[in-house]
Every structure is written in structure tokens, then in C-alpha cells.
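Asker: Residue numbers (my numbering), protein chains in the order written: chain A, 15 to 352; chain B, 15 to 352.
FYI, nobody ran anything at the bench for these hints, they're computed from the structure. Heads up, some of the hints might be wrong.
When chains are identical, the list treats them as one kind, so a pair holds in a single copy or across two.
Only pairs whose alpha carbons sit at most 20 Å apart, straight line, appear in this in silico EDC-like list of lysine to aspartate or glutamate [unchecked claim]: (1) 165 <-> 193; (2) 327 <-> 185; (3) 327 <-> 241; (4) 239 <-> 256; (5) 344 <-> 311; (6) 246 <-> 297; (7) 74 <-> 149; (8) 246 <-> 284; (9) 239 <-> 284; (10) 239 <-> 309; (11) 239 <-> 341.
Protein chains: 2
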Amino acid sequence: MIGKNWRTLLRRGDGYFEFCILLLIVLGMAGASSADPLPSWNEGLTKQAIIKFVQTVNDKSSPQYVPPEQRIATFDNDGTLWSEQPIYFQGFFAFDRVKALALQHPEWKERQPFKAILENDMKALAVSGEKGMAEIMMTTHAGMTTEQFEKIVKDWFAAAKHPRFNRPFTDLVYKPMLELLAYLRENGFKTYIVSGGGVEFMRPWAEKVYGIPPEQVVGSSVKLKLEMRDGKPVLMRLPEIDFIDDGPGKPVGIQKFIGRRPIAAFGNSDGDHQMLQWTATGEGLRFMLLVHHTDAEREWSYDRQSSIGRLDKALDEAQNRGWTIVDMKKDWKKIFPF
Amino acid sequence: MIGKNWRTLLRRGDGYFEFCILLLIVLGMAGASSADPLPSWNEGLTKQAIIKFVQTVNDKSSPQYVPPEQRIATFDNDGTLWSEQPIYFQGFFAFDRVKALALQHPEWKERQPFKAILENDMKALAVSGEKGMAEIMMTTHAGMTTEQFEKIVKDWFAAAKHPRFNRPFTDLVYKPMLELLAYLRENGFKTYIVSGGGVEFMRPWAEKVYGIPPEQVVGSSVKLKLEMRDGKPVLMRLPEIDFIDDGPGKPVGIQKFIGRRPIAAFGNSDGDHQMLQWTATGEGLRFMLLVHHTDAEREWSYDRQSSIGRLDKALDEAQNRGWTIVDMKKDWKKIFPF
């Protein structure tokens, strides 16, 4: 075959050319599937466990085969798909919004918890407690239409930078997890975010960054209300919590929004504990994974004592039950895409 | 080519056979796309409007082309995909559940609204009003796990029959709408149910009957609570409304669960009015359709005066704005698949 030139091949007119094309396609497909799907993961038990699970549920001859429509995989976001230190990134967004709105609210200079944010006084902010944080969240996340909020989120992501890395926040996603998302999708999985973060804070960029479309993002939310403005319907974001998608809220969110139990779940903190338990107790083969933050040099190192992303009870259960635990320092060749 | 037998063809060994197969596949595809995708729809303006819309959003050379990921189509269920007379089918389910549970509740014989149902006294039931209906719904739809409820729903659908047609309720789906769902999906649309009915009442059969998976069913819901039973997590259905997906709730449900505005919406009553308005006021080409029940002989005939599925204000707006209106009697060659 080698040595024949293209013109001869095309002239034959007996389908030989088409046959060669077909052959190249088939060989190309085989080539793609034998390449390493997780190049940023170091070789070892963690990587082997992932690949074995995916191959098994995809193997029609296995008793543990799972039909594609049941291959639901749910991922926590903060600390699982991107970083969450020194505070959840949505916190930076809220603080920046307070600063941006302060001109319209001169009274905030003397009123907590706003005063604390305007003066970068984190101690005073801590004193305001959960009530103070709730007030900040409602002030910055409600009182506008869904479309206005989407624009605010997009504009913030285009301009804001993480203080440690001096890069856009969406650069702080984990390359190994991007590979894992893609690998699962290539193997027929439907990948979902199931996060305590605000659903409308994630949807505007989740498709571009993670390949996860808006309808596959489950998160916390405020109540919405339909109103008519200039004869057109708009959805107003009300200063009232609708749903908290964290801890025991995660299985609830999964049932409400997906209506099927996942066969694989990925988290990093006690806020994901119930999601992993819910996933683990379904029938058939299951895969539960925790990202353990062990790399202070390249990212952060924290677990049982951290106020953000505490990993304590879930870590015990993972160890007892043999769930997969990613040792970030050891298992990840690269952390961020940059 | 005709006259050559298969053995000769296979013996050639030069790819000619493969070429023929390829040719057959290509011809088969062309054949499929030129066949009538909506055989149960009579020729006319309604059918033309549907096909023109689908072809336009799918035509890359058109300025009104829509990328596949934005091709979201939402369908009401009761009266749009299946019948809703003489009462919503979920009402039959609730009444049957009251009768099934009555043995465990001897006090119901003397207590409204249960007494009315046990005695088939629809007048007394009407007197109990919304409060009575809410009590029936909560008694029959809450107080069990999500898995128990799913089994109850499946068992009911396997046994219950519609009083007029003496057939399983899932037989009373509209064949023209099944064809429309399939036609949209073949053209890259993601089809959703957005119904006032209970989400967990529809999910157990929507995939089999409509080809719509659980995660694409949006509906009304009760609150859920995670509990541990024998060391295993279960989701309990609480006797408390979580969300009513009807009227102004439909755009809210669409935003909560899908997070994108549909480009096509299908309904049949004033409960779908806001969903169609919400769909209509997005940018780009849009398609809004109302099923008008005009066929008392083959199905039912009702609109402005009906207590179930009233179509009044939405009909006016559809006429004023040129939304597509299905005249069931005229436009549908067949109504049910049987």
C-alpha cells in the first residue's frame, strides 16, 4: 500500500480508497482509547482505582456493567474541582460586591458587617457571625433579575484575581480533575456539579471551564419570583434562601434535580459526606473519592482543623470503608493548568 | 451491480464490499431524513410551522441558526402530552391511595375529605375545597421514602385503568406529541417536561413512555429530608410543599432546574401561559405551541370554561401574537397510540 500515490488510489474507483479511510478511522479510534486518559495523575493505586471502575462499568461482559443512562457522576466544586482557600471564592465575590455597592450605601461606613468589609477588618467580620454573613450574601446576591446577576458574575470573573496566585479565579481549577471529568464523559457518564456554592454563581462559566452545562449544575439558591417589567417577564432574585445544597442537603439536591442516585461521587470535605454515603448505599458497583489537600507548596494543606473545607468525619469513613482518597501531593503530577 | 451474488462480492477482498455498506448507510440516512417525521399530523399550517422552525434553527447558513446546546424544548404534561380529563390522572392516583390506606385508618369513614372519597361523593369532596385536596395530597404523597413512593407509583400505573377508555393511563399519551418529541431530539433538542404534576409521579415512567429521562422532568414537589435508617441514608417525603411548578412557577422551575431559557415551549392551558411568555421573550427564533382540545369524540373538547386545564388568557395571547395553536380535531390524524 505504501508507495502508491493518492491519484492512483482515487482513480481505482472500486471503493479501495473508501476502505482505507474506514480503516484509518477505526485505527484512530483504537489509538485514542489506548492513550493515557489521565496524564496529570501519577501512576499508583488512586489512578488504577479510577480506571478500573470506569472500565468495569463500561464492560458489557462484566456482571457489574452499568447502562450509560445510569452513569451519573456528581462532583463537589469548592476544594474538589477548584481551590477554596483562603476563603471560598464566592466570598471574594461578595466582598467585592459590597465594595462596589458602597457608593450607593454611605450608611455602610458605620454599619456592621459592611463596615468590616470596607475596612478589610476580618476580625470584626468574624464577630458578625453567620447572621452577618447571611446579610452580606443577601445584599450582594439578591434584589436583581437573574439576567442582571449573570452579568455581574461574568464581569467579576473577567476582572477579579486570586490574591495568592494573582490569576483569574477560574485558572485555579485542578487539571487532574478536568481530565477526570473528560474521561468519565468519554465513557458515557453524565457529569454534574453538586455544590454548596450558589448555582447561579457557577452556571455562567461551568460549561466553558468544566464542560458542564448549566442544566447539570446543582447548587444553593435564593427564591425567584416572576414579575412583569415593561410588559416582559423577568425573574427577580429574592433575599430569601430557597435551598442549601450542602451536607444532608446534597442527597436532597441530587434527588430534586437529577432524580437518580449517582454511581460515582467526588468531594473533599465533610460537606460532601452525605453525598458519598448516598452514592455508596445504592445497588451495584460504586465509586467514592475524596480529594485530600496535602500540598501546602503547590496548593494548600488542611483537613480536620480547617474552618473552610473541613475534612474529618468523611475522612474517617473513607478510611474505614476503603473509599478512594487522593493524596494531592503524591497523586497529582500537576495541580493547575497554568 | 445487480445480479452479482454476495459470495462474489465478499471474495473480491478489495474494499468494494465495504464501500457498498458505506453507500447503503449514507443512502439509509438520507432516506430517513426525507421521510415524514410527523406521520400522525395532518398536512397544514400547524405541521408546516413546526417543521419550518426545526429546519431553521438547524440550518447553519440561516441567521436564525441555534447551536444544539441551546435547543431546549419544554413540554407541559397534563393535556399536552397526555389527557387530563375527567380529572388530572394524579387525582385518580390519590383517590386510589386513600382507598388503599383506608383499612389502616378506620377514622376516615367519618372524616372529610376522606369520607367523600371512600363514598365516591364528588360533591362533598368539592365542598372540602383546596384545603381538603391539600390534605389528600399530603396524606397520599408524603410520609414514606422516595424509593417507597416510586414503588407505589409504579405499582399503581401497572394496575390502574382510565374509566372512559378502560386502558392503562400511560396509554393515553398523544401519538402526535410522541412523534414531535422524537423529531425534536433527532434534531439536537433536549426535551424537558415542565409540569404542575408531581415530579416523582412522572419520573418512574417518563423515560419509557416519552423518552425523557428523570433528570429532564421538572414538576411540583414536597420537601425531602435525609434520615438514617438501619445505618443507611434514606430520603423521607415530608407533608410540606416544596415547589409548585405551575403558572408563574414554570419560568421559576425552568431557571432553577435547567438554568437556560427554552427556545420552544408546548402547553395547553393558562397554567402554561407564563412558560410560553418566558420562552417568547428570549432573543432569537422562538416557537410557542398550544394544544387546543377540540375533539369531544376522540378525546375531549374544552377550553375557556373548564375547571381542569382551563385555556382562556393564553388562548387570547396565542391568537394575538401568532403562536401556533393545534386544533386537535383538525390537525391530528391519530390521537392515541392504540
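Asker: Now tell me if each hint is right for this structure.
Answerer: So, going through the hints one by one against the coordinates:
no.: 1; hint: 165 <-> 193; verdict: neither (29 Å within a copy, 38 Å between copies)
no.: 2; hint: 327 <-> 185; verdict: neither (30 Å within a copy, 49 Å between copies)
no.: 3; hint: 327 <-> 241; verdict: between (44 Å within a copy, 17 Å between copies)
no.: 4; hint: 239 <-> 256; verdict: both (11 Å within a copy, 15 Å between copies)
no.: 5; hint: 344 <-> 311; verdict: within (12 Å within a copy, 72 Å between copies)
no.: 6; hint: 246 <-> 297; verdict: between (47 Å within a copy, 12 Å between copies)
no.: 7; hint: 74 <-> 149; verdict: neither (53 Å within a copy, 47 Å between copies)
no.: 8; hint: 246 <-> 284; verdict: between (43 Å within a copy, 17 Å between copies)
no.: 9; hint: 239 <-> 284; verdict: between (32 Å within a copy, 18 Å between copies)
no.: 10; hint: 239 <-> 309; verdict: neither (44 Å within a copy, 36 Å between copies)
no.: 11; hint: 239 <-> 341; verdict: neither (44 Å within a copy, 33 Å between copies)
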